[in-house]
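J.: Given chain A, work out where chains B and C should sit, using these hints.
Protein chains in written order, with the numbering used here: chain A, 1 to 247; chain B, 1 to 247; chain C, 1 to 247.
Errors might be hidden in some of the hints.
Because identical chains share one entry, a pair is satisfied inside a single copy or across any pair of copies.
Quick list of in silico lysine-lysine cross-link-like pairs, DSSO-like style, CA-CA up to 30 angstroms [stated by the list, open to error]:
no.: 1; residue 1: K184; residue 2: K204
no.: 2; residue 1: K147; residue 2: K95
no.: 3; residue 1: K218; residue 2: K184
no.: 4; residue 1: K9; residue 2: K95
no.: 5; residue 1: K147; residue 2: K204
no.: 6; residue 1: K95; residue 2: K72
no.: 7; residue 1: K109; residue 2: K9
no.: 8; residue 1: K95; residue 2: K109
Since the hints were made in silico from the structure, they are not lab data.
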Amino acid sequence: MSLQAIYNKQPLVHCITNYVVANFTANGLLAVGASPVMADAIEEVGEMAAQANALLLNMGTLNERTIESMKKAGLSANMHNTPVVLDPVGVGATKFRAETAQQLLDLLKINVIRCNIGEMAALAGVNWASKGVDSGKGDIDVAVTAKQLANNYQCIVIVTGEQDVITDGIRVEFVEGGHEKVTKMTGSGCLLSALCAAVLANSKEPFDDLLTLLNEYKQASANSVATIGNFHTNFLNELENLAGGRK
Amino acid sequence: MSLQAIYNKQPLVHCITNYVVANFTANGLLAVGASPVMADAIEEVGEMAAQANALLLNMGTLNERTIESMKKAGLSANMHNTPVVLDPVGVGATKFRAETAQQLLDLLKINVIRCNIGEMAALAGVNWASKGVDSGKGDIDVAVTAKQLANNYQCIVIVTGEQDVITDGIRVEFVEGGHEKVTKMTGSGCLLSALCAAVLANSKEPFDDLLTLLNEYKQASANSVATIGNFHTNFLNELENLAGGRK
Amino acid sequence: MSLQAIYNKQPLVHCITNYVVANFTANGLLAVGASPVMADAIEEVGEMAAQANALLLNMGTLNERTIESMKKAGLSANMHNTPVVLDPVGVGATKFRAETAQQLLDLLKINVIRCNIGEMAALAGVNWASKGVDSGKGDIDVAVTAKQLANNYQCIVIVTGEQDVITDGIRVEFVEGGHEKVTKMTGSGCLLSALCAAVLANSKEPFDDLLTLLNEYKQASANSVATIGNFHTNFLNELENLAGGRK
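Extracted from the complex, chain A is given alone in its bound form (with noise of 0.2 angstroms):
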């Protein structure tokens, strides 16, 4: 349902994002009918963001002039009560990443931190060994250090992972389900925030219908399981089907 409401809204989504998952992150907003834009050049991100039903910063891709875009770009959201959605990619591989995550929380207002365990991990300043921009392995209750981080934030927080959690501090829910194999196509989690961003852009109950997109999107890709070159092919389609623009 919060896949159909997008559609239905064709909210804009204006997405600072890493150049290896910009084409696919467009591609799936496109599939479920929302309007993705990409600009990252300091000129424009106020006036785009602006003009934007929701903002993604995405740090995949980093670097020091995109850095001052996504400040100007959230300075420009927050003004205008434009939600936020941050993807702190990687966060743990450099000290670089961990700087720029912090001065983007301290600076701004963001609504939804959407990571994998790794990230938020070092988000929080726990102890785990991540694996460059992968999630990577240790033993941490993943539900107790997402909340301390959405309490930390007055954010919402979303870790996923073979089951995903989603926290604002107080409320906990967890969602099973999906295959590993969305794993083997770049950007998925990249997607994931992109399409958290678009359901801000209309969203009366966020956690709810946040909630809800985390339980279609392990579905689009439990359906979408084949050999990984048609996987990348259905799970388009699943989530053109999910957004009931399947005609």
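T.: Same frame as chain A, now just chains B and C:
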């Protein structure tokens, strides 16, 4: 026949384009037998444009650095009588894009502007409600405005949408057909602009050859209709087929 | 077996590559079980390369900023005895690329150069008519030139084309097979370079393991033959299959 002409001539098309659609653009050009080269460093774009058979300037994810590269590449192309196509992506969305498009049009001899209705309106200074980089909605006589734009810049203007319009300021032709699903595939307009460049690379009758291309592109999208993931696959298949490259 | 070795070891491959093929490269690495990480900010590449199992430097859309990042990442990799693969995309096309490749080869210990014939000719200072980033045409003894290059830089040189050549300056092997259609899929050479990096990450006999990879890559492309849209899908399927990841 325009796609077949590309296939037979295999033009080298220098693209300065956005990172969202760079992959799809390269694959679309390759599918019809053209040789794409993406290069946007100021230090080399002059040399690269000088050896290319056509140049594409796409403003999708422009920034201060790449704008200078677009100018330098454009001047080099002009000096070598190499055709230049401008795709003013989202020109109506921000002042930065509007100013950049104006600078490029003032500085360079542009052979073809390929845009959607919202972008045309912005270039022509006509009222129109754009939506990010999407076309938007409004009430406007497309043919009249396109002709005016073509006369202003002494170029061919192609405005794509449910009905395509192509004009050189005097002659006007309309192209029907296709399928709206093509708008759910990011970069469909951007790829068309790149194919316009490939057509111009070897054309003695640019207007007629571009008109043929528009018809073939509509045909490819009509033939590709399927669920969205399969649409992507089908579309590349159809381009290859229409180019005579399916063996 | 080289792809299966990647699948078993799941190496972290740090890629500084171009925005045209970043998505395809990431998906190709994921298809065979490797963990790609794309990061090109000067502030973090040293740290990222230090924790990676292999480093790929691809010059496809190089610019002043990313060249400095390639140097810093390369030095970090060298210091940690991490293998480095150089893909000198389009090195014959512009003076800027030629100078950059020379700087990287002078500054860094490169383990493998993976290129096409035109790029090899440019690196070796041999006459050849390149065409943008494509191979071009000419008359040259590939094995002799490749050996010379391998001796000059004390590395393994892989020259791919209708017939692949691999040499360490002494031994020379040739690989036949495959299908020309792979050249119609952008980034097929770039992905191969990334897979070379993944192979090196865990190899005790680099020459033999890379030779095996070349055979497997030819096999994947031969097995993928179809219309071009389906070829893309099939190719990822085949990589996954050869890696033993199809379950």
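J.: With identical chains, the pair K147 and K204 could be close in the same copy or across copies; at 30 angstroms between alpha carbons, which is it: within, between, both, or neither?
T.: Classified as within: same-chain Cα gap 22 angstroms, cross-chain 46 angstroms, threshold 30 angstroms.
J.: Between K218 and K184, at a C-alpha cutoff of 30 angstroms, which is it: within one copy, between copies, both, or neither?
T.: For K218 and K184, both the intra-copy (14 angstroms) and inter-copy (22 angstroms) Cα distances are at most 30 angstroms.
J.: Please work out whether the CA atoms of K184 and K204 approach to 30 angstroms or closer within one copy, between two copies, in both situations, or in neither?
T.: Answer is between; shortest inter-copy Cα gap is 27 angstroms, intra-copy 33 angstroms.
J.: Classify it for me, K95 with K109: is the Cα-Cα distance of at most 30 angstroms met within a copy, between copies, both or neither?
T.: So K95 and K109 pass the 30 angstroms test inside a copy (22 angstroms) and across (26 angstroms) alike.
J.: Under a CA distance limit of 30 angstroms, which applies to K109 and K9: within one copy, between copies, both, or neither?
T.: Classified as within; 24 angstroms inside a copy, 41 angstroms across copies.
J.: Is the C-alpha distance from K147 to K95 at most 30 angstroms within one copy, between copies, in both cases, or in neither?
T.: within (24 angstroms within a copy, 41 angstroms between copies)
J.: Quick one: K95 to K72, C-alpha cut-off 30 angstroms, is that within a copy, between copies, both, or neither?
T.: both (22 angstroms within a copy, 16 angstroms between copies)
J.: With identical chains treated as interchangeable, where does the CA-CA distance between K9 and K95 reach 30 angstroms or less: within a copy, between copies, both, or neither?
T.: Close across copies (26 angstroms), not inside one copy (39 angstroms); limit 30 angstroms.
Of the numbered hints stated above, none is contradicted by the structure.
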